[in-house]
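From first to last, the protein sequence lines stand for chains Z and L. Just so we're aligned: 30 in the working numbering is position 11 of the first sequence, and the numbers increase by one with no gaps anywhere. Just so we're aligned: 306 in the working numbering is position 287 of the second sequence, and the numbers increase by one with no gaps anywhere.
Certain hints may be false.
Intra- or inter-copy, both count: the list cannot distinguish identical chains.
[As the list claims (entries may be wrong)] The calculated lysine to aspartate or glutamate pairs, modelled on EDC-like cross-linking and capped at a C-alpha distance of 16 Å, are:
| hint | residue 1 | residue 2 |
| --- | --- | --- |
| 1 | K93 | D37 |
| 2 | K60 | E103 |
| 3 | K28 | E108 |
| 4 | K324 | E252 |
| 5 | K184 | E261 |
| 6 | K118 | E34 |
| 7 | K148 | E287 |
| 8 | K267 | D319 |
| 9 | K148 | E22 |
| 10 | K256 | D178 |
| 11 | K125 | D37 |
| 12 | K152 | E189 |
| 13 | K118 | E108 |
| 14 | K93 | E103 |
| 15 | K240 | E22 |
| 16 | K324 | E22 |
In case anyone wonders, no lab produced these hints; they're calculated from the structure.
Protein chains: 2
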Amino acid sequence: MNELEIIEKIRSTFEVKDYPLTDDVAYLSNKWAYKVDMLVKSTDVPEGMSGYQLGRKSVVAVLSDLSTKGVTAKFMMLSFAFPEGINNEYIIEILKGIKEMTNKYKITLIGGDVNKANDLIIDCIIIGKYKRKVLRSGARVGDKVYVVGDFGLTTIGLDYLINKKEINNEKLKFFALKAVYEPDPQVNFNIDAINSGYITASMDSSDGLAYTLNEIAEQSKVKIIVNNYPMSEEIKKLISLEGRDPLKDALYGGEEYQMVFTVNPKKESFLQRLAKKHNVKIYNIGTVVKGKGVYLSNGDKVEKKGWVFTF
Amino acid sequence: MNELEIIEKIRSTFEVKDYPLTDDVAYLSNKWAYKVDMLVKSTDVPEGMSGYQLGRKSVVAVLSDLSTKGVTAKFMMLSFAFPEGINNEYIIEILKGIKEMTNKYKITLIGGDVNKANDLIIDCIIIGKYKRKVLRSGARVGDKVYVVGDFGLTTIGLDYLINKKEINNEKLKFFALKAVYEPDPQVNFNIDAINSGYITASMDSSDGLAYTLNEIAEQSKVKIIVNNYPMSEEIKKLISLEGRDPLKDALYGGEEYQMVFTVNPKKESFLQRLAKKHNVKIYNIGTVVKGKGVYLSNGDKVEKKGWVFTF
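With the hints as constraints, model all of the structure from the sequences given.
In structure tokens:
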């Protein structure tokens, strides 16, 4: 079985009516919500990532999902497994990275576990409060599709680190590596945006923008047309100068930890003001229409490709 | 750093006043409590344990801790990491073992994560409700010390599996392997006992009885005298016939997943009736006196030894 088949097996074994296992977070009826995400060094940590960055990322991944669902983080539990021979400084750096995030977002550690394994594992569990639910399935015909932040950078950064594909422009290289090593979800903006009530559907982008858009389209039973670049003019230009296709890099990347959302066009200006207030960049990249699937405005299909583990 | 030093580092980095990281579970003020426990195949799973038993154990470890603290399990999250090459049947067996426990105790899975790693990991998070808190620190002079179930069997079973130490008696071998492969915390008894209000201190025994008693004595600032065997006459005899010391096996084992508790002597008979009602064996193994440390009635010191990972 691959990852998706295992998840299906888990769903068919355990899922009950009121607690769907399909969305990003688990909302309980008492306004508490839960999310867990496991970071595994051998699969989730690219070359050159420091202990500090690794610790930071283990929390960021969960905060991104939660904030995309309007959940304010309150409590955390951490399960660690460390391998034989790990050095003390590295562990201390990891804790520093975690601590920066718990300080920044006022999260209290309430429990955890320490183990030994043949890999380095951080399983981060966060418990938070929400005021309003938002699902992947709420996008309506006529809604605008938005992303938070610049897409495409992680694709280039990971291509450099994993496939040794050189980045010629130093500025782009800096942005791309920063995006990979220190992803920065716009937690406070995301939560305020959800709480405004104007977001109709939302999802964390970390499985890739193409995957995320397809998932929203499928769950909402609508078609999405992508007609704009999810990045600044500057980054678009820098990526083009590398001889790459900026839109392809933006669609088929992943690991951005940013929010993708849909909004009623009457409320666009409100959200743009909110983004300005939070000093956050948001990009309108498309519209929701009748039909199914995700397409570029030239008619090309955007495939539901994402990273899937095989065992 | 070893395991305990890492835990100390985590405490000094993250601990805040109202949320001590020293006890078995995290009690929040709203009557919800939380516990996470990570099972790692390379360190926690003895030879010959089936996928079903492994899945079962990943839940049992958490239920034991929670029930020992009076917490009724309600919701669960599961983070898995599977290694390359794992076969489908094995995964399905693991899920069956987990399912048996979620069915038996009516626990709803609300979320999780599936990953790939160089080890097999199940991180089990359970969220439950409690009516009354009980800590490690509540034992009073004059209290009686009790354990639930027979101790010593896991020591013999693990000695057989890890150190290849033969077990001559077939009945004892059956009991010992069953204790290792299918630990069976008395969840319902434990919770009813805590809710009675008569338990003054309690702790899960899985780090070893000697460690557990020392921990209760330390946190409660009392001395514990062990004056009785934590096992049935039959098991005591079977262990003796192997040429082993039953008390030593009982004290310096671990992985029993049973409750160790202290109770006011006036309430002993109530708890004995409660145990009978639940068809559970409990043994009075000692008393709480003034002083510190844990001692046998002959004056021998019971050392605070337990399993600690080194890295």
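Hints versus structure:
no.: 1; hint: K93 / D37; in the structure: between (24 Å within a copy, 14 Å between copies)
no.: 2; hint: K60 / E103; in the structure: both (14 Å within a copy, 15 Å between copies)
no.: 3; hint: K28 / E108; in the structure: between (40 Å within a copy, 12 Å between copies)
no.: 4; hint: K324 / E252; in the structure: neither (26 Å within a copy, 63 Å between copies)
no.: 5; hint: K184 / E261; in the structure: within (11 Å within a copy, 65 Å between copies)
no.: 6; hint: K118 / E34; in the structure: between (34 Å within a copy, 11 Å between copies)
no.: 7; hint: K148 / E287; in the structure: neither (26 Å within a copy, 42 Å between copies)
no.: 8; hint: K267 / D319; in the structure: within (12 Å within a copy, 73 Å between copies)
no.: 9; hint: K148 / E22; in the structure: neither (29 Å within a copy, 32 Å between copies)
no.: 10; hint: K256 / D178; in the structure: neither (18 Å within a copy, 66 Å between copies)
no.: 11; hint: K125 / D37; in the structure: between (30 Å within a copy, 14 Å between copies)
no.: 12; hint: K152 / E189; in the structure: neither (42 Å within a copy, 58 Å between copies)
no.: 13; hint: K118 / E108; in the structure: within (15 Å within a copy, 40 Å between copies)
no.: 14; hint: K93 / E103; in the structure: neither (33 Å within a copy, 35 Å between copies)
no.: 15; hint: K240 / E22; in the structure: neither (24 Å within a copy, 50 Å between copies)
no.: 16; hint: K324 / E22; in the structure: within (14 Å within a copy, 41 Å between copies)
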